[in-house]
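Colleague: Next come the chains, spelled out residue by residue.
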Amino acid sequence: MVENVLVKKINQSAGDRVFMLFIYLFLWSALIMVLYPLIYVVSSSLSSSHAVTSGQVWLWPVEPNISAYIRIFQNKQVLTGYKNSIIYACIGTTINVCITLMAAYPLSRKDFKCSGLLMKFFTFTMLFSGGLIPIYLVVKNLGMIDTMWALVIPNAMQVYYMIIAKTFFNMSIPEELYEASDLDGCSEFGILWHIALPLSKPIIAVISLMYAIGHWNSYFNALIYLKTQTLFPLQIILRNILIQNNVDLSMIADMKTAMELEGMRDLLKYALIVTASLPILAIYPFAQKYFIKGMMIGAVKG
Amino acid sequence: MPKAEFVLYLGGVLKNDPLFYNNTMPNLNETTPKNELYLHTIIPPMYNKTWTDRNTNWKIVCCNTALYGLNFILGGEGSLVASFLKEWKKEFKKRWQLYVIILLPVLYVIIFNYIPMGGAILAFKDYNIREGIFGSPWAGFKYFNQFFHSPYFWVLIKNTLSLSFFFLIAGFPMPILLAIALNEVSNVRFKKTVQLVTYAPYFISTVVMVALVMQFLSPRTGIVNIAISALGGQEQNFMGKASFFSTIYVLSGIWQVTGYNAIIYIASLSSIDPSLYEAATVDGASRLQKIIHVDIPGILPTIIILLILEAGKLMSVGFEKVFLMQNDLNLINSEIISTYVYKIGLLNAQFSFSTAVGLFNSVVNFILILSVNKMAKRWGDISLW
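Residue numbers (the numbering used here), protein chains in the order written: chain A, 1 to 302; chain B, 1 to 385.
These are computed hints drawn from the structure, not numbers from a lab. All residues carry an ideal CB built from backbone N, CA and C; glycine is no exception. One or more hints might be untrue.
Stated by the list, open to error - With a straight-line cut-off of 20 Å between C-alpha atoms, the simulated PhoX-like cross-links for lysine-lysine are:
hint	chain 1	residue 1	chain 2	residue 2
1	A	140	A	227
2	A	113	B	86
3	A	201	A	120
4	B	90	A	113
5	B	377	A	120
6	A	110	B	374
7	B	93	A	110
8	B	374	A	293
9	A	120	B	374
10	B	313	B	377
11	A	293	B	192
12	A	289	B	192
13	A	289	B	191
14	B	374	A	227
15	B	321	B	343
16	A	110	B	313
17	B	313	B	241
18	A	140	B	343
19	A	113	B	313
20	A	113	B	89
21	A	110	B	89
22	B	93	A	113
As the list claims (entries may be wrong) - Pulled a few chain A residues facing chain B out of the computed Cβ check, cut under 7 Å:
hint	residue
23	116
24	119
25	135
26	239
27	293
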């Protein structure tokens with residue numbers, strides 16, 4: 001029997017080997033297709049402007065220098081944007097996580113009578129929305145237009161993340177623990193604070209990261225609610241410079257010819273792309289497995 | 001007098017209901033003969049009449065259904081309302097802290113989700129700022145008609161649907177292929193690396209993503225055009241041609257989300273029973289045959305549910321990326337419902353018209369997702385909620 005299988009294995013190995021060759025070919029091309037643009041951007045940002053415009057950069061930096069980064073970090077707009085984005089991400093994430101957990105914890109309790117009804121109440125908002133203008137009017141009536149609160153208060157809870165947190169509470173905290181602490185005279189606040197939260201540190205980390213990245217990357221709310229330049233988060237500044245091509249003149253004032261000017265523009269764009277994505281790509285390798293874990297929990301009951 | 005043989009109850013109160021026994025009929029208890037007929041009536045002259053039918057020898061008692069019903073609902077201890085209140089009082093007394101905890105999220109959802117839903121009546125009004133939503137005069141379906149008859153209507157529907165269909169057809173199989181290919185690889189380090197790298201673009205912001213695309217495709221200095229001219233081809237202004245828009249949108253979208261979407265299939269593949277592979281090996285199946293006969297059937301439920309989920313989103317193409325990729329030259333193919341709502345609503349301040357367009361889109365989305373879920377329930381016994 002064993003020999004039989006072995007013989008078959010050997011017989012098929014030729015076909016399988018060809019097949020595996022295709023598999024590896026496919027995966028390597030996927031890897032290169034994703035990685036190459038990223039490497040190209042980083043390399044371009046570290047090359048000279050002349051090398052970028054004349055198309056000499058293919059993989060590694062040509063005439064390496066960091067002049068573009070120096071220009072960027074001397075630019076007030078970009079620095080303010082950076083600072084604003086950090087503030088919004090911190091405050092926003094704190095509010096997000098608090099509200100999400102405050103909804104998820106009671107809903108996870110099996111002896112909480114309203115949980116079914118409230119769950120429907122929350123999930124309905126995933127299916128239907130009043131639309132852009134009515135939400136805008138609510139935010140306007142609350143006096144939040146053109147303040148940072150417009151970016152951190154509306155959208156304070158993603159129902160999807162709330163469901164992930166709720167599922168985690170359900171899975172990781174046994175019912176007996178609640179009963180025991182109830183018998184010991186622990187209040188509900190006490191149970192949440194001393195038992196549920198310490199036990200769910202991993203899920204708090206996951207949703208905090210997801211919210212923080214969401215804040216860092218979002219530009220839509222800033223686009224519709226903010227008018228004052230000094231309040232703009234980084235993504236709006238990026239949009240102005242990268243997409244609408246409004247490069248701040250002070251950054252390129254010393255360029256003499258049109259050719260040089262355009263080269264520096266491109267160089268600055270590449271450097272900006274790197275600077276803006278750096279915080280996320282820096283934590284990404286460490287955070288990746290948590291994201292996957294969070295997604296799996298979400299998929300169980302998503 | 002021979003006893004009556006049958007007991008018949010009419011009206012809203014049932015005899016075997018303990019509430020009825022204990023409260024609404026105080027003089028009725030276990031010792032009361034069970035063979036009395038209670039006729040519940042709403043005809044006034046018959047209240048409180050009792051007689052014995054000569055032919056059947058039934059004792060008939062006429063009671064007032066309305067009164068008994070009222071008593072049943074509102075009466076003293078044990079009635080519906082009282083027991084309901086008692087139960088909730090107990091629940092609140094024991095769990096009031098949970099209610100306090102969830103109060104803030106509930107208020108939050110009411111303010112930022114449910115009030116705007118009510119605010120959508122703006123679509124049926126002639127909004128002016130001075131009189132507010134409620135003071136403004138009604139407009140009926142004027143703005144809906146205006147939208148349905150505007151030359152934009154079919155353009156918007158066509159653009160929105162074609163973008164999402166194109167993305168669905170081209171983008172949906174990619175993560176499945178990636179997951180199956182990764183599943184074949186036994187080298188853990190290579191597998192992890194591919195996963196790590198392909199997952200990364202998901203975290204790049206939309207602004208940066210569109211900027212990347214624009215840099216790569218820029219007419220003279222972009223790497224794509226440099227490569228094209230190096231190979232002797234004709235340089236193209238990709239962003240300036242409307243016909244390229246959907247291709248660029250879809251390909252860059254695939255680049256960004258394939259790795260992320262593959263995760264769920266990878267997990268699904270890893271949960272396939274290993275004995276199935278062993279059996280297939282014993283039967284002499286090649287790797288490709290194992291994929292076709294073990295892998296694909298194994299992840300088919302996941303594929304179907306995700307396909308259904310995607311189909312529910314056909315009319316809701318996201319604002320962010322399309323808006324950033326738009327320019328005057330490609331607008332004919334790139335104007336979709338959400339960008340149109342933004343422009344006429346917030347830039348041109350036509351609040352009512354814009355709300356009507358948005359509401360139309362919300363309702364279509366809602367119907368789509370409900371019907372898609374119903375189909376899933378019927379065909380696959382799978383439901384999203």
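Colleague: Against each hint, give a clear statement of whether it holds in the structure.
Modeller: A quick look at each hint next to the structure:
{"no.": "1", "hint": "A:140 to A:227", "verdict": "holds, 13 Å"}
{"no.": "2", "hint": "A:113 to B:86", "verdict": "holds, 14 Å"}
{"no.": "3", "hint": "A:201 to A:120", "verdict": "violated, 26 Å"}
{"no.": "4", "hint": "B:90 to A:113", "verdict": "holds, 11 Å"}
{"no.": "5", "hint": "B:377 to A:120", "verdict": "holds, 18 Å"}
{"no.": "6", "hint": "A:110 to B:374", "verdict": "violated, 28 Å"}
{"no.": "7", "hint": "B:93 to A:110", "verdict": "holds, 17 Å"}
{"no.": "8", "hint": "B:374 to A:293", "verdict": "violated, 29 Å"}
{"no.": "9", "hint": "A:120 to B:374", "verdict": "holds, 17 Å"}
{"no.": "10", "hint": "B:313 to B:377", "verdict": "holds, 18 Å"}
{"no.": "11", "hint": "A:293 to B:192", "verdict": "holds, 15 Å"}
{"no.": "12", "hint": "A:289 to B:192", "verdict": "holds, 10 Å"}
{"no.": "13", "hint": "A:289 to B:191", "verdict": "holds, 14 Å"}
{"no.": "14", "hint": "B:374 to A:227", "verdict": "violated, 44 Å"}
{"no.": "15", "hint": "B:321 to B:343", "verdict": "holds, 15 Å"}
{"no.": "16", "hint": "A:110 to B:313", "verdict": "violated, 32 Å"}
{"no.": "17", "hint": "B:313 to B:241", "verdict": "violated, 27 Å"}
{"no.": "18", "hint": "A:140 to B:343", "verdict": "holds, 18 Å"}
{"no.": "19", "hint": "A:113 to B:313", "verdict": "violated, 33 Å"}
{"no.": "20", "hint": "A:113 to B:89", "verdict": "holds, 12 Å"}
{"no.": "21", "hint": "A:110 to B:89", "verdict": "holds, 18 Å"}
{"no.": "22", "hint": "B:93 to A:113", "verdict": "holds, 12 Å"}
{"no.": "23", "hint": "116", "verdict": "violated, 12 Å"}
{"no.": "24", "hint": "119", "verdict": "violated, 9 Å"}
{"no.": "25", "hint": "135", "verdict": "holds, 4 Å"}
{"no.": "26", "hint": "239", "verdict": "holds, 5 Å"}
{"no.": "27", "hint": "293", "verdict": "violated, 10 Å"}
Of the numbered hints stated above, those contradicted by the structure are hints 3, 6, 8, 14, 16, 17, 19, 23, 24, 27, listed in ascending order.
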